[in-house]
Amino acid sequence: MHIPDAFIPLWQGAAYWIIALIFIGISVRWAQREMNEDKIPVIAVLAAGIFAIQAFNLPVAMGTSGHLVGGALAAIVLGSPFAAVFILTLVLIVQALLFGDGGITVMGANILNMGIIGGFVGYYSYHAVLSLVKNPYLSAGIAAWLACLISALACAVEMAIAGTFPLVPGIVAMGVYHAVIGLIEGVITAVILSLLATSRPDLIASSSRVVSP
Amino acid sequence: MNRLDNRSFLLLGVAVAVVIAILAVFFASGEPDGLESAALVVQGEKSLTGPSPDDADPEAVGTGVSVYSSPLPDYSLGEESGITGGIIAVILGIFVTLALVLGITRLFAAGKA
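So the protein lines, in turn, are chains Z and R. Under my numbering, the residue at position 166 of the first sequence is numbered 198, and the numbers go up by one with no gaps. Under my numbering, the residue at position 12 of the second sequence is numbered 167, and the numbers go up by one with no gaps.
Treat the hints as calculated values from the structure; they're not laboratory data. This structure is a prediction, so every number in the text was calculated from the model and none was measured. Glycine is no exception: its CB is placed at the ideal position from the N, C-alpha and C atoms. Please note that a few of the clues may not be correct.
[Claimed, not checked] Chain Z side only, calculated, beta carbon under 8 Å to chain R, not exhaustive:
#1 PHE83
#2 LEU90
#3 GLY98
#4 TYR169
#5 LEU185
#6 ALA186
#7 THR196
#8 HIS210
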């Protein structure tokens, strides 16, 4: 759901940039506080892996394809929604500057949708679902699906404010496609979380309760 | 299973990312993504659940300006370099991402010490 520059007028793009910069500022403070020799490889591998997997579009029927966004994954593994903001911002900068995937003036909106909304919805719905079902992988899958869907709906509203999509048809189309694309997000998030739990359980935030202390 | 040390974890993680990216060059779907499909739907080029037309331009619905042209559009080095160009482009992307993250995180870690 990388928005290209032509989809949002400049002044609205600037407004999303201001929102994004506030969260980026907090995420930088999160990174400065949390950084240590054990966290650096996790953040690096998550960023490189999210970049790679975002290039891998999988067909989802209805003439559409989708890929993992990774905000929920980053937030759950590192135990903070600001981890998602930090990692997705860096990935989106490389994608836009080097590959033209997602615009420059609209990058604030892309950071808002995929990093901020993806990270916050993923993180908080993970903990809400976990308290109900007790299974971390099922919880992560559901949270990631929801993060994908809510981000897409936010994107549809932004498109309507921009006058690019009509509101209701935009919400219906974005909602339908991302309800299906979200299944990719859910399954891959759960699988990567379980791979991490096997290879380096100590690296997963203890707050996520994936690994018993 | 033995726990991987930090260095092995980083190397293994990057190797997995490179494999995923190379597989993506060969097997990624060329269908429009969710946002592009929605753009085709609101333009009347595509029905909600129907196939996407090959020649439709999802970005035609955008009325704003786009001034930036990236050096490697569409994760490729251009038509003539084909698959090899695609592989070089995604691997370059992984290492630029990695360099950016490692640079910034090491800066923070050093600032803390």
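Hint-by-hint comparison with the structure:
no.: 1; hint: PHE83; verdict: holds, 5 Å
no.: 2; hint: LEU90; verdict: holds, 6 Å
no.: 3; hint: GLY98; verdict: holds, 5 Å
no.: 4; hint: TYR169; verdict: violated, 17 Å
no.: 5; hint: LEU185; verdict: violated, 11 Å
no.: 6; hint: ALA186; verdict: violated, 12 Å
no.: 7; hint: THR196; verdict: holds, 6 Å
no.: 8; hint: HIS210; verdict: holds, 5 Å
Violation of the numbered hints given earlier is confined to hints 4, 5 and 6; the remaining hints are satisfied by the structure.
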